[in-house]
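Asker: So the chains spell out like this:
2 protein chains.
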Amino acid sequence: MDRTAHDTTVETWVAAFGAALDRHDIDGVLDLFEPDGFWRDLAALTWNVYTAEGGDAIRAVLSACLEGIAPTAWNIDQLLGSNNGVHQALLSFETRTARCSAVLRLRGGRCWTLLTAVSELIGFEETTRTRRTNGAPLRYEPGRPDWRTERDRRTAELGVTQQPYCVIVGAGQAGLGLSARLKQLGVPTLIVDKRERPSDTWRERYATLSLHSPVWYDHMPYLPFPETWPRFASKDRVADWLDAYATIMDLDIWTGADCIGSQYDEALGAWRLSIIRGGRPIELRPMQLVLATGFWDAPYVPDIPGRDRFAGRQQHVADARDIERCDGLRSIVIGAGASAHDIAAQLWEAGANVTMIQRSPTIVTRIDSLLPAVEIYDTDAPAPKPPTELADLLAASIPNRLMPQFQAPFIAAIKTKDAAFYEGLRKAGFLYDFGEDGGGFITRGMQDPSGFYIDMGASELIINGHVAVRSGVSVAAIRERSVVLSDGAELRADFIVYATGYQRLAQVGAILSSEIIQKLGPIGGIGSGFRRDAGPWTGETRNVWKPTRQRGLWFHNGNFGLMRFFSRILALQIKARHAGLPTPIYGLP
Amino acid sequence: MDRTAHDTTVETWVAAFGAALDRHDIDGVLDLFEPDGFWRDLAALTWNVYTAEGGDAIRAVLSACLEGIAPTAWNIDQLLGSNNGVHQALLSFETRTARCSAVLRLRGGRCWTLLTAVSELIGFEETTRTRRTNGAPLRYEPGRPDWRTERDRRTAELGVTQQPYCVIVGAGQAGLGLSARLKQLGVPTLIVDKRERPSDTWRERYATLSLHSPVWYDHMPYLPFPETWPRFASKDRVADWLDAYATIMDLDIWTGADCIGSQYDEALGAWRLSIIRGGRPIELRPMQLVLATGFWDAPYVPDIPGRDRFAGRQQHVADARDIERCDGLRSIVIGAGASAHDIAAQLWEAGANVTMIQRSPTIVTRIDSLLPAVEIYDTDAPAPKPPTELADLLAASIPNRLMPQFQAPFIAAIKTKDAAFYEGLRKAGFLYDFGEDGGGFITRGMQDPSGFYIDMGASELIINGHVAVRSGVSVAAIRERSVVLSDGAELRADFIVYATGYQRLAQVGAILSSEIIQKLGPIGGIGSGFRRDAGPWTGETRNVWKPTRQRGLWFHNGNFGLMRFFSRILALQIKARHAGLPTPIYGLP
Chain R
656 MDRTAHDTTV ETWVAAFGAA LDRHDIDGVL DLFEPDGFWR DLAALTWNVY TAEGGDAIRA
716 VLSACLEGIA PTAWNIDQLL GSNNGVHQAL LSFETRTARC SAVLRLRGGR CWTLLTAVSE
776 LIGFEETTRT RRTNGAPLRY EPGRPDWRTE RDRRTAELGV TQQPYCVIVG AGQAGLGLSA
836 RLKQLGVPTL IVDKRERPSD TWRERYATLS LHSPVWYDHM PYLPFPETWP RFASKDRVAD
896 WLDAYATIMD LDIWTGADCI GSQYDEALGA WRLSIIRGGR PIELRPMQLV LATGFWDAPY
956 VPDIPGRDRF AGRQQHVADA RDIERCDGLR SIVIGAGASA HDIAAQLWEA GANVTMIQRS
1016 PTIVTRIDSL LPAVEIYDTD APAPKPPTEL ADLLAASIPN RLMPQFQAPF IAAIKTKDAA
1076 FYEGLRKAGF LYDFGEDGGG FITRGMQDPS GFYIDMGASE LIINGHVAVR SGVSVAAIRE
1136 RSVVLSDGAE LRADFIVYAT GYQRLAQVGA ILSSEIIQKL GPIGGIGSGF RRDAGPWTGE
1196 TRNVWKPTRQ RGLWFHNGNF GLMRFFSRIL ALQIKARHAG LPTPIYGLP
Chain W
656 MDRTAHDTTV ETWVAAFGAA LDRHDIDGVL DLFEPDGFWR DLAALTWNVY TAEGGDAIRA
716 VLSACLEGIA PTAWNIDQLL GSNNGVHQAL LSFETRTARC SAVLRLRGGR CWTLLTAVSE
776 LIGFEETTRT RRTNGAPLRY EPGRPDWRTE RDRRTAELGV TQQPYCVIVG AGQAGLGLSA
836 RLKQLGVPTL IVDKRERPSD TWRERYATLS LHSPVWYDHM PYLPFPETWP RFASKDRVAD
896 WLDAYATIMD LDIWTGADCI GSQYDEALGA WRLSIIRGGR PIELRPMQLV LATGFWDAPY
956 VPDIPGRDRF AGRQQHVADA RDIERCDGLR SIVIGAGASA HDIAAQLWEA GANVTMIQRS
1016 PTIVTRIDSL LPAVEIYDTD APAPKPPTEL ADLLAASIPN RLMPQFQAPF IAAIKTKDAA
1076 FYEGLRKAGF LYDFGEDGGG FITRGMQDPS GFYIDMGASE LIINGHVAVR SGVSVAAIRE
1136 RSVVLSDGAE LRADFIVYAT GYQRLAQVGA ILSSEIIQKL GPIGGIGSGF RRDAGPWTGE
1196 TRNVWKPTRQ RGLWFHNGNF GLMRFFSRIL ALQIKARHAG LPTPIYGLP
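Residue numbers (the numbering used here), protein chains in the order written: chain R, 656 to 1244; chain W, 656 to 1244.
These are computed hints drawn from the structure, not numbers from a lab. Do not take every clue at face value.
[As the list claims (entries may be wrong)] Quick list of simulated restraints, FRET-style, between CB atoms:
no. : chain 1 : residue 1 : chain 2 : residue 2 : range
1   : R       : Glu796    : W       : Lys1040   : 29 to 35 Å
2   : W       : Asp958    : R       : Glu796    : 33 to 39 Å
3   : R       : Gly778    : W       : Val815    : 56 to 62 Å
4   : R       : Pro1027   : W       : Gly1235   : 37 to 43 Å
5   : W       : Gly1084   : R       : Arg809    : 39 to 45 Å
Just so we're clear, the structure is a prediction, and the values are computed from it rather than from any experiment. Each residue gets a CB set at the ideal place from its N, CA and C atoms; glycine is no exception.
Using the sequences and the hints, build the whole thing.
Answerer: Shown next, in the form of C-alpha cells:
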C-alpha cells in the first residue's frame, strides 16, 4: 500500500472517529473498532490507568466518560508508517481540561488498538521550554527576595509552617523523578527518606551492581543522560547522578526522615504522617501521599534449618557492600536471579570458588539480544530515532494483554540467534526458560519483576564452569561448614550469600494501616495468573500510577523507562486535584 | 534563485575547490576566492586559531600548510540556504590527522568567507554516543576493580604518584568545560582551584547576579541545560549547576589548591607548578598548563583621595555578597557597567537612595532586543533551530573583521525599535552609545568585554528616576560623609560601592614569571585599536584557545557560548600533543 493510501486510511478513520465522538455516538465509535479491539487510557478519559478490552468494555467506558470528558479536536500529528497491514499514527486531541496524545493502530480499516494519554492540563502547563521561568527578574521590585533567599525560606517553611500538598516517601529515582514533574506543575511537594542522601540506596549495594538497561532507555524526566554517560552505569555513578539530579531540579527533600506511620483524616481530607526527623517526631499533613519506596525493600532470608549454626560468613546480597579478596573461599550463592548472577561473578572476580543454587528456571537474556526490544529508544544508533517522549508513547501503546504476542517474534529471534548460548547454559546444568507465557523478561516484568537475568557477563562464567550451578534443588539445611541440598548432596561452604530476594512492600506495611492495606488489594502485577501474580486479570499494573481505593494514596515505581513515562501521568493526576479540576474516576478496582 | 540553482552553485564550487586542493594548486584555490575573501581556520590547517584576510594571506597559509595537512574528501553535509545572493553550506573534509567541518559563504560564485574547524582526531575520538564506555564490564575478569574503586584510586594517584598530562588552573565554567572535553579524549587532567568548591566564585557574588545571556546560548559541553532551567539563571543556581556538572562529568579537581608560581622546565619539557594544597606545598609537573582563571580576577578600586577617611560603608561590588535592608541609605555606585547596574538595582530594592556615577558612555542593550542576535540558538522557539553544534559553527563562521558589518542591521533595528527607551535614558542623563565601531556589545565583547550592560531591568529604574545618574563625571575626592565629583558637585553618601571593574589577569601574573608574560604579549582583545584594545589588528583573540609563544601554555575563557565551542578546539590541540600527532603551527604571533 503506498503512502498516500496509508494517509487516506488514517485520515478517513480519524475524521469518522472524531465526528462520532463529537456527536456522542457510541455505536458509531464502536463500529470503528474491531470487536476485540483495545482502548488503553492513561488519565485522559478515565482519570485512571485503564485498558478497555473489546467492544463491551469500550462501550462501558464511553457511556461513563464521554459526556463529562468530551474528547474533541482530533488531529493527526504524525503518520508512523504501516507494517503487515497495520497502520500507525500519532494523534492529538483535547478534553474539557487537558491536551492529550493518542497512538492508533488500524487494521482493515478498523481500530485494533488505541492509546489515549493525558499530556498537559489546560491552564496548568509545566514551566518548561517556552514556559520556563525567567530566573532573573527583568523587572525589579522593592523587597523582592533573590532566588537563594527564596529557596532558603521555602526550605525552612515547607513541612514546618507550610504543609506540602504532596508528600513522597522515598528519594530514589522514583521519588526524585515524580517530584521534578510536580515541581514544574507548581505542586508543593516534599520528599521524605530515611536515608542521609537520595542516592544511598544505590551506594549501599554490592560493588559490581550496574544498570542492566542501556543509558538511552534510562533517562529521567527532563534531564537526559549526557552523551558521555556510560552505556550501563555503575551503581556509584547512578548514585552521583541522583544527587546531582536532586540539586539541578531544585527538589525539596528531607533526608534522615523516617515515615513510621500514617492515618488518613477524613475530616481534614488529608494525611497525618508520623515522621521521625533527626530523632524528633513531626507530623506532616499532605493532601496526597505517594509511596515510592520500591516494592522489594526488605531483604528476605529464608529460614533454613541450621542457619544459626553456620561457622562461616553469611549475608544477604543486600548487605554485600564490601566484598574484599575471597581467594579460595568456598562460596554458595542461594538464588539464580539478577543479583545472584552479579554477586556470583563478583565473588569469582575476587578469587572465590562459587556455586550457585538454582531452585527453578530463570529467564536469561543476553544484553546484546535484549537491545532490539528497546531499540526505538537508541538515540546512539545511526538511524534516526523518535524523541524519547514519542518512543514512550509507542511503547505504552501496546496493551498488556497483547504483549506476549508482540514479544513473540523477538523471543523467537533470540532463541535462534543465541542457540549456542542457551545450549551452553543447559550443558552447565543451568535451568532457563522464556517465562510461563513465553513472553520473556518483558511480560515477566509486568507480572512480577523477578526470576530473570539480563546477562552482563555472568552467564559466560556459568557456561565455562567458573561458576558452578546446582539446579532444581534448594538448600534443605545448613551445617557448621556446609550446606545440604534437597537432593541430599552436601557442599562445603565458607561463605553463603542469600540472593533470595526481598520482602514485598515491607516499608509500605510499616507506613500504612493494615486496614488500608487490606482495602487496597494486591499492589503490583496485572493478575496474569502466573507465578506470584495471582488473578483475576486486570490489564494494568495494580494500584501503581493511578488512583487507589484509598483517597489521596498513590504508588510510584517501575524501571527507569516506565517511571519516566508514568511519572507524568501520575503527576498530572495529582496536579488536577491540586488545581481543583474535576477528576471522575472510571474503573476504580 | 531556486533551490536547484543554489545547489549547483555550491556543488560546482566545492568540486573545484576540492580538486584544486588535491592537486595542491594554490592559484586554483585563490581563483575560487574573492580577492578580499576570508579563510578562518580553527586548528584544521594551521594548528592555530587564525584568520587569513585576503588572497595574499590565504596564499601564505596554503603555501605553508597544504602539503603537510592535505585537506581532502570535501563533502557538502548540508545546504544552508541563500540570502541576498550569498549561498551558505556546511561542509566536511579530512586532513591527515583529523575530521573537520567547514562553513562556506559564496557570493557571485566565489568564496567570500570560509571557516574550517577541527572536529575530531582520527583514531582519538571522544568516548561519546556510539563510542561511550560500557560502564558495566560485560565480561568479568579476576581482580577487575569496580568503577568506584577505580575512581578512588585515580583520585588518590593523580598529581601524587601519577603526573597529570594537563593541569587547568581555575574550576569555574571555563576549567570544568575544558576538563570535561579532555576527559572524553582520554587526557589525564587535573583542575586546581584555590576555592573550596568549583562554584564558589559564583556563590560569593552579590545576590541579584544572574546570567545575562539566555539559557539556550549558555549550554556547557555535553550536558545541555534541561528544559526546566530558568531563562536567566540566578548565580546560586549557576553555582549548583557547576557543582553538579563536575560530579556528572567525573572530573578530577583539587579544591583549596592555590597555584602560586610556575616554571617551564625545558629539559623536562614540562611545567613545574608550585601548589599550596591544604597548607602544604606540592609540585605538579604537567606537560600542558591551561590558565582558566578569568581575565578580570582581582577587584580594582581606584585610589580616590580621601577614600580612607570615609565614615560610611564602602566596598567593591565583588565583595557585596550580603546586602541587607538599606532603607534610606544614600548610596553611591561608582561605575556604569553591568555590575554597577545590577548593584544599583539591588540597592534600590533594598530601600536605598541610589546614585550612579557614570564617567563615560555605556553600550546598553535591552535583553529582548538582544535575543535576536543569538536567536539561532533559541531551541525554545517554535521554528526549528539547528543543533547547538551547528549554531556554534555558523556563529564562528563570521570573520571578526566582518563582525561590525554583520551586526549593522541588527544594531539599526535596535535603534529604531528601542528609540523611546534610549530617549528615556538620555533624558535621565545617562550616556549610551553603540561602541566606537558602532557594532554594539558583540564587537565590544571581542575587543574588551567591559563598558556594556544587557538590560535586565535596571535601565527602567534609571529612566523613571528610581536610580539617579550623574554622568560625564568621575569621583574626584571622598570626604567623611560625601563624595565630590569632578564637576565640583558634592553628594552626601552613607555607602559607596565601587563597580569599577577588575584588574586584568592578576592571578595569571601571580602564576607566570614576568619573563613569560612579556614574551606572550597582550592576552585577549583582537587589536581593534579601540578602548583598552590597542593594535595592531590580529583578527583573532590574542593568546586564547590557541598556542602561545610559550610552549605548553594555553588560556581558556570567554562567555558560556564561546567557551562551549572553543573548548573543543582547544581540547583537540592538547589531545593532538598528548597523542604525539604532528601539530605544525602556522602564524604564531
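Asker: Indicate, hint by hint, whether the structure satisfies it.
Answerer: These are the hints, each one checked on the structure:
{"no.": "1", "hint": "Glu796/R / Lys1040/W: 29 to 35 Å", "in the structure": "33 Å, holds"}
{"no.": "2", "hint": "Asp958/W / Glu796/R: 33 to 39 Å", "in the structure": "37 Å, holds"}
{"no.": "3", "hint": "Gly778/R / Val815/W: 56 to 62 Å", "in the structure": "58 Å, holds"}
{"no.": "4", "hint": "Pro1027/R / Gly1235/W: 37 to 43 Å", "in the structure": "40 Å, holds"}
{"no.": "5", "hint": "Gly1084/W / Arg809/R: 39 to 45 Å", "in the structure": "40 Å, holds"}
Hint check: no violations occur; every hint is consistent with the structure.
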